[in-house]
Structures are given as structure tokens and as C-alpha cells.
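Visitor: One letter stands for each residue in the lines below.
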Amino acid sequence: MSFHIVAGSLNNPATYLSWGWLGISLSNLVVMLLTVAIFVLAVLLPFPHHEEDDQ
Amino acid sequence: MTAESVAAPAPPAAGSELTDAAAAEDGRMWTNRLRNKFFGTFPPEKLLPDRQPAYVASWIYVFGVACLAALIMLILSGLWLTLEGPSWYHTTSTGHLVNSIHFWSVQLFMIALVVHLWGKFWMAAWRGRRAMTWITGAFAFFTSIGTAFTGFLVQSNFESQWIAFEGKDGLNAVGAGAWFNVANAGQMLLLHVCLLPLVVGLLVVWHVLLVRKHGVVPPIPLKHDPADELAPGEKVQS
Chain A
6 MSFHIVAGSL NNPATYLSWG WLGISLSNLV VMLLTVAIFV LAVLLPFPHH EEDDQ
Chain B
64 MTAESVAAPA PPAAGSELTD AAAAEDGRMW TNRLRNKFFG TFPPEKLLPD RQPAYVASWI
124 YVFGVACLAA LIMLILSGLW LTLEGPSWYH TTSTGHLVNS IHFWSVQLFM IALVVHLWGK
184 FWMAAWRGRR AMTWITGAFA FFTSIGTAFT GFLVQSNFES QWIAFEGKDG LNAVGAGAWF
244 NVANAGQMLL LHVCLLPLVV GLLVVWHVLL VRKHGVVPPI PLKHDPADEL APGEKVQS
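Quick note, the sequences are listed as chains A and B, same order.
Start counting the first sequence at 6; every next residue gets the next number (the numbering used here).
Start counting the second sequence at 64; every next residue gets the next number (the numbering used here).
I should point out that these hints are in silico values taken from the structure, not numbers from a laboratory.
Any given hint could be a false lead.
As the list claims (entries may be wrong) - A short list of chain B residues far from chain A (calculated; beta carbon distances all over 12 Å):
1. Ala117
2. Ala120
3. Ile123
4. Gly148
5. Ile164
6. Ile174
7. Leu180
8. Trp189
9. Leu258
10. Trp269
11. His277
What the hints assert, rightly or not - Partial list, derived from the structure: chain A residues whose beta carbon lies under 10 Å from chain B:
12. Leu34
13. Pro53
14. His54
Owing to the predicted nature of the structure, the values given are computational and were not obtained by experimental measurement.
Note that CB positions come from ideal geometry on N, CA and C, so glycine has one too.
Please put together the full structure from these sequences, using the hints given.
Guide: Below, the structure is given as C-alpha cells:
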């Protein structure tokens with residue numbers, strides 16, 4: 006059901022956020038924050054590897 | 064007939080001028096020089112290595128190949144959309160699926176590309192004679208933006224018309240409208256399905272070959288030694 010809610014919301018006009026002179030669509034802001042979050046996680050999270058690789 | 068008589072033709076006389084001249088002529092041929100140049104620069108073990116340096120075991124090194132995976136999905140779904148056309152991908156369930164795969168592949172491609180760019184920027188990936196690797200990556204990034212933009216212009220729906228007529232004023236304002244007319248659907252379609260994917264593809268192939276030639280850039284060391292940044296076999300210029 007939640008999928009249909011999300012899919013339905015994509016067919017509506019975009020939600021825009023405004024702070025003074027700065028305006029941005031909510032979807033663009035979400036993508037930008039998601040990209041920053043992925044970058045931070047990629048730097049911080051340990052990469053899985055076999056113990057024999059350390060030897 | 065014995066095996067020896069088949070496998071061992073009569074050897075040429077020592078110092079045969081004919082054999083030496085033929086070998087010298089072969090060596091001058093452009094096919095010979097090109098083959099030696101290519102396989103000298105890219106031996107098979109360098110083109111498709113079995114192992115990578117230990118520092119590559121980090122998530123930040125994953126996003127280059129994530130870009131390639133998303134690009135392959137983009138090309139395959141794009142070819143399918145090209146074969147079937149808008150009347151198929153706007154009206155059938157399979158068409159909607161392939162259209163969505165193409166759309167979400169470009170979202171993943173651009174996100175992976177930006178994370179790859181940030182990662183390489185902060186580790187100064189142009190070190191160790193990798194300037195051209197950085198430059199080809201940057202041009203591939205800019206061309207990808209143009210390819211994505213023209214893709215949104217050729218969706219053949221109301222959104223693409225809206226984007227075209229919002230974008231034309233901006234492009235006309237900077238003087239680019241005469242060459243890049245976003246209201247010209249035919250020009251945008253050909254740019255999106257022909258010229259720009261070709262340019263992106265060539266730049267990506269060039270970029271990947273350079274990565275294979277110079278190796279994956281190591282992290283910035285605490286104590287700087289230029290020799291540490293070069294691929295094995297390359298020499299430091301004094």
C-alpha cells in the first residue's frame with residue numbers, strides 16, 4: 006500500500022521549499038541529502054574482507 | 064606423414080636477407096606498431112587483473128564500478144526503449160517497467176558518479192601521472208549531465224514539454240539557443256540516443272583504460288613520496 010502512496014505522490018506537482026531567496030524542490034533536496042549520506046557512509050563504514058587478506 | 068614433417072618446415076638459411084627484410088618490413092607496418100603499442104601498454108594481466116592493492120578494500124572505491132553497472136543498465140534499457148518507441152513505453156505494463164528501469168538507472172548513475180567524483184577529488188586522484196584519467200572522468204561527467212538533460216526532454220509527455228519551454232529561455236539567455244534548441248524535439252532526440260551516448264561511451268572506455276594503465280590511485284600517504292603513487296614499472300621523473 007505504501008508503494009502506491011509513493012507512486013501516487015510522484016504524479017502530483019512537486020513540493021517546493023523556500024528560505025528567502027533559496028528555493029528547492031523537496032525531491033531534489035532528498036536526492037542531495039541522500040548522496041551526501043552515501044558518501045559519508047562510504048568513507049566511514051568498514052569494508053567486509055577475509056581475515057587471510059590481512060596476512 | 065609424420066608429425067615432424069608437418070610441424071618443422073625447412074629452416075631458413077642463417078642470415079637470410081629475404082627473411083630479415085620481411086621481418087623488418089613487418090616491423091614497419093602500422094598494424095604491427097599499433098599492436099605492439101597497445102599490448103605493450105595494456106598486457107592482458109593489466110587489462111583484467113586478478114587482484115587489486117589492499118587499499119582498494121574500501122566502500123569509496125566501489126562507486127566507479129557502480130557507475131559502470133548503472134551505465135550498462137542504462138544502455139540496455141535505452142536500446143529496448145529505442146526499439147519499441149513511445150507508443151509502447153507509455154501504454155503497456157512492460158513498457159512502463161523498462162521506462163522506469165531507464166529512469167532509476169540514471170538516478171543511480173548520477174548519484175554513484177557524484178560520490179565517485181567526491182571520493183576522487185578528496186584523495187587528489189590526479190596524482191601519479193593520472194591527470195588525463197581525471198580529465199576524461201570530468202568530461203564524461205559533464206557529457207552525462209547533457210545526456211540526462213536531453214533524456215528528460217524526449218520523454219514525449221507533458222513534463223518534457225514543460226522542461227523544454229522552461230529551459231529554452233535560460234539557454235537563449237546565455238547565447239546557446241542557436242546551437243542547442245531544446246524546443247527542437249528531433250535535435251534533442253538524436254543528441255540523446257546517438258551523439259551523446261557515443262561520446263559518453265568513448266570517454267568512459269578511455270577513462271577505464273587509463274585506470275587500468277596507471278592503476279587505482281592510492282590514498283594520500285602521511286609521508287609524501289611520489290614513487291608510491293605510480294603504477295608498478297613507472298619511473299619518477301627528476
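Visitor: Decide, hint by hint, whether the structure agrees.
Guide: Consistency of the hints with the structure:
The non-interface label for Ala117/B is inconsistent with chain A: the shortest C-beta to C-beta separation is roughly 7 Å, within 12 Å. Separation of Ala120/B from chain A is inadequate, the least Cβ-Cβ distance of about 5 Å not exceeding the 12 Å criterion. Separation of Ile123/B from chain A is inadequate, the least Cβ-Cβ distance of about 5 Å not exceeding the 12 Å criterion. Residue-level check passed: Gly148/B sits 23 Å from the nearest beta carbon of chain A, beyond 12 Å.
The Cβ of Ile164/B lies farther than 12 Å from every Cβ of chain A, with a closest approach of about 15 Å, so its non-interface assignment holds. At the 12 Å boundary, the C-beta of Ile174/B falls inside the reach of chain A, the nearest C-beta of that chain being 5 Å off. Non-interface call for Leu180/B relative to chain A: violated, since the shortest CB-CB distance, roughly 10 Å, does not exceed 12 Å. Even its closest Cβ contact with chain A, about 19 Å, leaves Trp189/B beyond 12 Å, as expected for a residue assigned away from the interface.
Every beta carbon of chain A lies more than 12 Å from that of Leu258/B, the smallest distance being close to 27 Å; the non-interface claim holds. Every C-beta of chain A lies more than 12 Å from that of Trp269/B, the closest at about 25 Å, which supports listing it as non-interface. Chain A leaves His277/B outside its interface by the beta-carbon criterion, the shortest separation being 22 Å against a cut-off of 12 Å. For Leu34/A, the shortest C-beta to C-beta distance to chain B is roughly 14 Å, which exceeds 10 Å, and the interface hint is violated.
Checking Pro53/A against chain B: minimum C-beta separation of about 9 Å stays under 10 Å; hint holds. For the restraint placing His54/A at the interface with chain B, the shortest Cβ-Cβ distance is roughly 5 Å, inside the 10 Å limit, so the hint holds.
The earlier numbered hints that this structure contradicts are 1, 2, 3, 6, 7, 12.
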